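Chemist: Please construct the entire structure, taking both the sequences and the accompanying hints into account.
Quick mapping for you: the protein sequence lines, in order, are chains A and B.
Those letters in the first sequence? Residues 2 to 702, by our numbering.
Those letters in the second sequence? Residues 43 to 183, by our numbering.
Derived from the structure by calculation, the hints contain no laboratory data.
Since the structure is predicted, the reported quantities are computational estimates derived from the model, not experimental observations.
Check the hints yourself; a few may be wrong.
To give a feel for the contact side, a few chain B residues facing chain A, derived at Cβ under 8 Å [claimed, not checked]:
no.	residue
1	Leu-81
2	Ala-82
3	Asn-89
4	Gly-91
5	Leu-92
6	Tyr-93
7	Ile-120
8	Tyr-122
9	Lys-126
10	Lys-162
11	Leu-171
Where a beta carbon is used, it is the ideal one built from N, C-alpha and C, also for glycine.
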Amino acid sequence: MMKLLQISYHNYRCFQDDMTLKFNTTGDKNIALVIAPNGGGKTEMLFSFWYVLYDFDFSSLKEKKATPYALNAQSYLKLKNGENNDTDNCYVTLSFENDGKIYTISRKEIYTKKSSGIVSEQLVTLITRDRNNSKSLPLSDKDAIYRIIERIIPKKILHGIIFDGERMKELSKVGVESRDAIQGIIQDITNEELYEMCKTELEEIKKKAKKDQTKYASSMPSCSLNELISNISSLEEKNKILTTEIEINKGIIESNTNRIREIEVELRNDESSRENEIKREGYKKQLDSANKRLENEVDNFYHALDNGYLLLCDKLFNDIESRIKSEDIPDDLTVKAVESILHGKSGKCICGHDIHECEREILLDLIKKLPPDNINSTILQMCKGSKHAEADAERNLKLFFKNIRETEKEIEELKAQITEVSARIIGEGVSARVKELEKERADLTYVKRRAAEDNISKDVAIKNNKKDIAEYSKQRDNLSKNSKDLNFYVTKERIAEHFLEALVSLDEANSKKALLNINEKLDKAYMNISEDYTRGRRIYIVQFDEKSKYRLISYYQSQYDERFQSALKSGLLETFKIKGLSSEEIHEKIILEVATSNSTGQSKINTLAFAKAILDYSNEERDENSFEITKNYPFMIDSPFTELSGDNLFFSSRALHTFARQIILMVSAKSLETVEQNIKPFVGSINKLRKIEGESRSVLE
Amino acid sequence: MALDININYRIKRNADQEDAMRYLANELKVFKDYAHILLASAIVGYNNGLYVEIENYASDAVQLTFFTERERDLIDFIAYAHKKEQAVLNSEEKFTIFESYANGGFDLLLNRLGVNMDDKSKNDRILILKKVYQLLLLGVN
Numbered sequence: 002m003m004k005l006l007q008i009s010y011h012n013y014r015c016f017q018d019d020m021t022l023k024f025n026t027t028g029d030k031n032i033a034l035v036i037a038p039n040g041g042g043k044t045e046m047l048f049s050f051w052y053v054l055y056d057f058d059f060s061s062l063k064e065k066k067a068t069p070y071a072l073n074a075q076s077y078l079k080l081k082n083g084e085n086n087d088t089d090n091c092y093v094t095l096s097f098e099n100d101g102k103i104y105t106i107s108r109k110e111i112y113t114k115k116s117s118g119i120v121s122e123q124l125v126t127l128i129t130r131d132r133n134n135s136k137s138l139p140l141s142d143k144d145a146i147y148r149i150i151e152r153i154i155p156k157k158i159l160h161g162i163i164f165d166g167e168r169m170k171e172l173s174k175v176g177v178e179s180r181d182a183i184q185g186i187i188q189d190i191t192n193e194e195l196y197e198m199c200k201t202e203l204e205e206i207k208k209k210a211k212k213d214q215t216k217y218a219s220s221m222p223s224c225s226l227n228e229l230i231s232n233i234s235s236l237e238e239k240n241k242i243l244t245t246e247i248e249i250n251k252g253i254i255e256s257n258t259n260r261i262r263e264i265e266v267e268l269r270n271d272e273s274s275r276e277n278e279i280k281r282e283g284y285k286k287q288l289d290s291a292n293k294r295l296e297n298e299v300d301n302f303y304h305a306l307d308n309g310y311l312l313l314c315d316k317l318f319n320d321i322e323s324r325i326k327s328e329d330i331p332d333d334l335t336v337k338a339v340e341s342i343l344h345g346k347s348g349k350c351i352c353g354h355d356i357h358e359c360e361r362e363i364l365l366d367l368i369k370k371l372p373p374d375n376i377n378s379t380i381l382q383m384c385k386g387s388k389h390a391e392a393d394a395e396r397n398l399k400l401f402f403k404n405i406r407e408t409e410k411e412i413e414e415l416k417a418q419i420t421e422v423s424a425r426i427i428g429e430g431v432s433a434r435v436k437e438l439e440k441e442r443a444d445l446t447y448v449k450r451r452a453a454e455d456n457i458s459k460d461v462a463i464k465n466n467k468k469d470i471a472e473y474s475k476q477r478d479n480l481s482k483n484s485k486d487l488n489f490y491v492t493k494e495r496i497a498e499h500f501l502e503a504l505v506s507l508d509e510a511n512s513k514k515a516l517l518n519i520n521e522k523l524d525k526a527y528m529n530i531s532e533d534y535t536r537g538r539r540i541y542i543v544q545f546d547e548k549s550k551y552r553l554i555s556y557y558q559s560q561y562d563e564r565f566q567s568a569l570k571s572g573l574l575e576t577f578k579i580k581g582l583s584s585e586e587i588h589e590k591i592i593l594e595v596a597t598s599n600s601t602g603q604s605k606i607n608t609l610a611f612a613k614a615i616l617d618y619s620n621e622e623r624d625e626n627s628f629e630i631t632k633n634y635p636f637m638i639d640s641p642f643t644e645l646s647g648d649n650l651f652f653s654s655r656a657l658h659t660f661a662r663q664i665i666l667m668v669s670a671k672s673l674e675t676v677e678q679n680i681k682p683f684v685g686s687i688n689k690l691r692k693i694e695g696e697s698r699s700v701l702e
Numbered sequence: 043m044a045l046d047i048n049i050n051y052r053i054k055r056n057a058d059q060e061d062a063m064r065y066l067a068n069e070l071k072v073f074k075d076y077a078h079i080l081l082a083s084a085i086v087g088y089n090n091g092l093y094v095e096i097e098n099y100a101s102d103a104v105q106l107t108f109f110t111e112r113e114r115d116l117i118d119f120i121a122y123a124h125k126k127e128q129a130v131l132n133s134e135e136k137f138t139i140f141e142s143y144a145n146g147g148f149d150l151l152l153n154r155l156g157v158n159m160d161d162k163s164k165n166d167r168i169l170i171l172k173k174v175y176q177l178l179l180l181g182v183n
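Modeler: So this is what it looks like as structure tokens:
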């Protein structure tokens with residue numbers, strides 16, 4: 002288990018004065034309180050953990066872009082206005098315990114004024130002390146330090162254990178950052194890195210085997226083998242580039258989508274465009290829902306086509322019936338019956354007359370036409386049965402097709418309404434800003450569409466290349482049969498490929514299992530800390546839908562139940578099952594249809610529940626043979642209780658001490674008052690920061 | 043009721059039609075599987091008198107078990123209607139008849155559905171499904 006012991010500052014950001022904060026937490030008293038007013042350095046303190054462990058890009062902080070450096074701002078300004086070669090420095094030192102050892106990591110940054118500007122140089126040191134209190138020599142190799150720290154507390158995991166106010170909002174947004182953040186946390190705690198390492202190793206083996214093939218082929222007199230191997234490599238390279246381009250396009254689509262959402266918020270807030278924007282959003286929601294419905298209806302139609310071929314059989318059935326009728330043979334007449342007339346003892350027909358020669362010929366001819374079992378009646382019955390099935394098939398197809406037509410019509414109408422409202426948004430009386438935003442929105446939408454179309458054609462190109470690769474590989478394998486060495490390299494490549502496929506399957510299965518587990522814990526955590534739970538609100542991390550995977554979404558149980566029942570009645574659930582969807586996938590599809598948006602308070606509670614779920618998952622005991630590793634991290638959170646009230650505030654503050662074995666909680670004094678009763682029993686240490694008015698610094702009281 | 047004289051029989055396909063069949067079933071998802079494509083093709087072939095024996099066989103034939111009982115009845119119907127005698131129902135010749143009509147009818151089916159094999163990006167699944175609907179209900183053969 003990792004436990005933070007203390008953190009020290011010298012001339013760092015707003016902590017100009019030297020200070021050390023100790024986190025004395027033990028057993029039940031697992032909360033280390035840091036009390037600071039607004040602007041008192043709580044966020045700075047949170048990010049100092051990032052900084053000391055992995056360095057930090059201060060320009061990424063939205064409101065701190067003016068001071069993108071570690072040095073205290075006043076010291077930086079003094080240096081800037083000073084003489085060339087003047088220097089100043091800052092450092093952060095963090096001590097923590099992990100598995101019986103104490104680690105002290107220090108990151109020092111030296112700033113020097115040059116004629117070109119201020120340059121900085123970083124020095125990192127790491128000292129460890131074991132159980133016997135023997136100290137190691139200070140390690141100053143950055144890469145070596147990075148590897149040690151990565152093993153104890155991987156960089157990605159910091160997203161899951163450090164929560165400032167801005168991050169908490171981000172986690173509940175529908176954007177790349179939140180999804181990346183959630184994905185990063187989940188992938189790390191499910192040991193995704195291990196899979197990635199194995200995949201990398203196998204890719205290297207495959208690469209080497211290919212190189213060996215090329216080397217071998219170039220030494221052969223035959224050009225065709227060389228050419229084949231070169232073609233295969235070139236196509237694989239093309240596919241890699243296409244795959245990268247597809248990802249870039251996906252990023253463009255994602256970022257454009259986010260920007261469009263921001264524009265829509267602005268349009269809603271502008272008086273001149275508010276009404277129309279709200280109308281447009283309503284129509285777009287309806288359009289999304291109609292498009293989803295169309296997808297389902299097309300699938301239903303596709304499945305109903307199973308018996309569709311019967312509708313083409315009228316001519317066939319008619320021909321069969323005509324044929325049978327034309328024979329003028331009674332349906333159940335058999336060869337046996339005719340033979341008994343021909344070879345009867347009396348030599349006469351059943352009517353009593355003699356059988357003449359021409360009549361005998363007819364009867365003999367009839368015997369030839371009749372199989373031993375005359376199945377005319379059977380065939381006719383089969384035809385009848387098929388005709389009934391044809392009628393059913395026709396009825397179903399007509400019904401599903403009608404649904405498709407109606408939904409398409411609805412979609413066209415909605416599109417027309419959206420176009421009309423969009424024209425009104427930039428019509429008379431709107432501000433210049435609105436016109437500008439609307440133009441930007443239209444441009445972004447166009448770029449999005451083009452990127453999506455580009456991805457479709459790139460997907461097709463990748464598929465075609467894969468087909469060609471398969472064909473060339475077949476030819477190469479045929480040629481390689483005659484050469485032991487080449488065969489060896491080809492086999493090596495194949496084995497590496499198979500192992501990769503197996504690893505990918507294992508990774509997917511592991512990820513699926515983990516996400517199911519995390520979603521269960523998420524539900525429990527939400528139940529414990531949210532007042533909305535009793536009102537039927539639920540939260541869920543998307544795991545199957547590729548477009549929305551890792552999104553944290555909310556929905557109401559009553560709406561879910563209603564949609565579920567309607568899907569059951571309409572046969573949609575059956576269709577899903579026929580398509581091979583698992584019950585978990587069906588559950589998710591319905592959730593996505595009824596997903597709702599969140600208020601700021603709800604976003605915060607969602608994120609707290611997510612943090613709890615992740616921490617519970619990480620700290621869950623697993624058996625020794627499990628591929629997953631248990632990790633225990635401290636939990637650092639800034640102002641979790643602002644924007645919360647009522648039962649949400651009560652439940653979340655009461656449950657906070659259960660989140661992790663050590664919690665660094667940063668609050669303002671005012672915020673603490675609202676939750677002191679619930680927090681106080683679990684507080685192990687208190688640090689108070691005070692802001693110095695008129696100066697950008699905070700001190701420890 | 044189908045007289046399955048050999049349940050292990052595999053319905054043969056034309057190798058030249060392999061790509062298009064795979065595309066229709068697996069990518070465009072207009073037909074559920076090869077069995078359905080063969081049935082539709084055979085009926086279209088029968089309705090238009092397109093009996094063409096296969097010369098170039100695909101390596102991958104379709105097991106009879108992939109056809110439902112009703113679908114196997116259709117194979118019998120086509121053979122009986124073609125040969126006009128019941129004896130054919132007891133021989134493997136009925137499968138050859140079915141294969142030949144399917145072979146002859148497939149290209150016409152593909153043409154009627156307007157599937158563009160040269161530029162697949164031009165194929166709109168919903169549009170083609172609608173053409174299937176028209177083909178079935180309006181009897182455009």
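Chemist: Tell me the hint numbers this structure goes against, listed in increasing order.
Modeler: Failing hints, ascending: 4, 5, 6.
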